[in-house]
Amino acid sequence: MKRNPSMTEEEWRWFELSLAARKLSAAEIKSLEEQLQLEPCNMDVRVQLLAYYGQYEGNELKHKNAEQKLSEQILWLIENKPSVSGYLGHEIARRGHCFKPKAFGSLRQAWLEQVSAAPLDGTILGNAASFIAWNDIETASELFERAYALQPEAHWMGTFVIHCSSQLWSSPALYADKIRKQIIDVGIRSLETEPGGATHITCQYVSDAALSLGRFDIVRRCAEILRDWDQTVCTQMANAYLGLVALRENNRALAVQLMLEMKRGYQPQEVVFRLAGELFDAGERESIAQLIKSFKKKLKKSVRDRWLKQIANDERPDFNEYCC
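Be aware that the sequence shown starts at 1, since it is given in the numbering used here, and climbs by one per residue.
Read the hints as simulated data drawn from the structure, not as lab findings.
Derived CB-CB ranges, DEER-like: (1) K293 to N251: 18 to 28 angstroms; (2) E153 to N80: 25 to 35 angstroms; (3) E39 to D318: 43 to 53 angstroms.
A quick note: this is a predicted structure, and the numbers were derived from the prediction, not measured.
All residues carry an ideal CB built from backbone N, CA and C; glycine is no exception.
All chains, please: the whole structure from these sequences, using the hints.
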């Protein structure tokens, strides 16, 4: 596996150690924990323990006492490496969802103490927000705003959008539209003021929220941004979202045209099959079969054949199972 060019050599080493740690034996983990007692600042050891105890089996942490062990690692990192960025910063932040209320509350408080000690350090504020957002979006919202004000080019709004979007999965339907409006507000600010970053992901979240609210102007704005990137997969995504808008504006012919536009580098993206599914519901058949065939080896032959057979039998292809 080649090193990701966006990662330092140290980060890549930690990444590889994390992958390997998932296969360590209980005896090897015990040895690492004993080593950590002697070398508490050994980050190579800590990333391995973080990866090992962060494993899931179904919806639960896999290993015995994993929450306690994971909490110990996260607490040490919060207290000793609160301004870490890159790979390790991401690994700490994403563990925010692993804890039950009591453990999460303790770690949340540890982050807030770091924020109080360094209120003008945008990285610490952003890291705290990224962890806390898993279970306390209101506090995280304030921290993201403060981090953004201090570091307007650090892409904190883009990170905030991801957390807002995750809230849609767990929030009652009554609050869904409020969250979608927040996604649009925060997402557009990110797209217009934060250079670089995962622009296509932000556009995806914003476009999904805008489609649900009938804000087609926002979808078109995201499509413009995607096309400005001049990357084939971004152009393809823009076309698919514009096709979804065309369907909602009763322009089925345009939706089909946008779906079938195929250029070198186009991929079987989820949003493309979402459009195909909605076109099937609208009565399309041949155009969807044409789309499936056009991907050729980019789709497994078994998947292609199954979908084409389903269409021939006038059955809706199981796009969702493949994409989601």
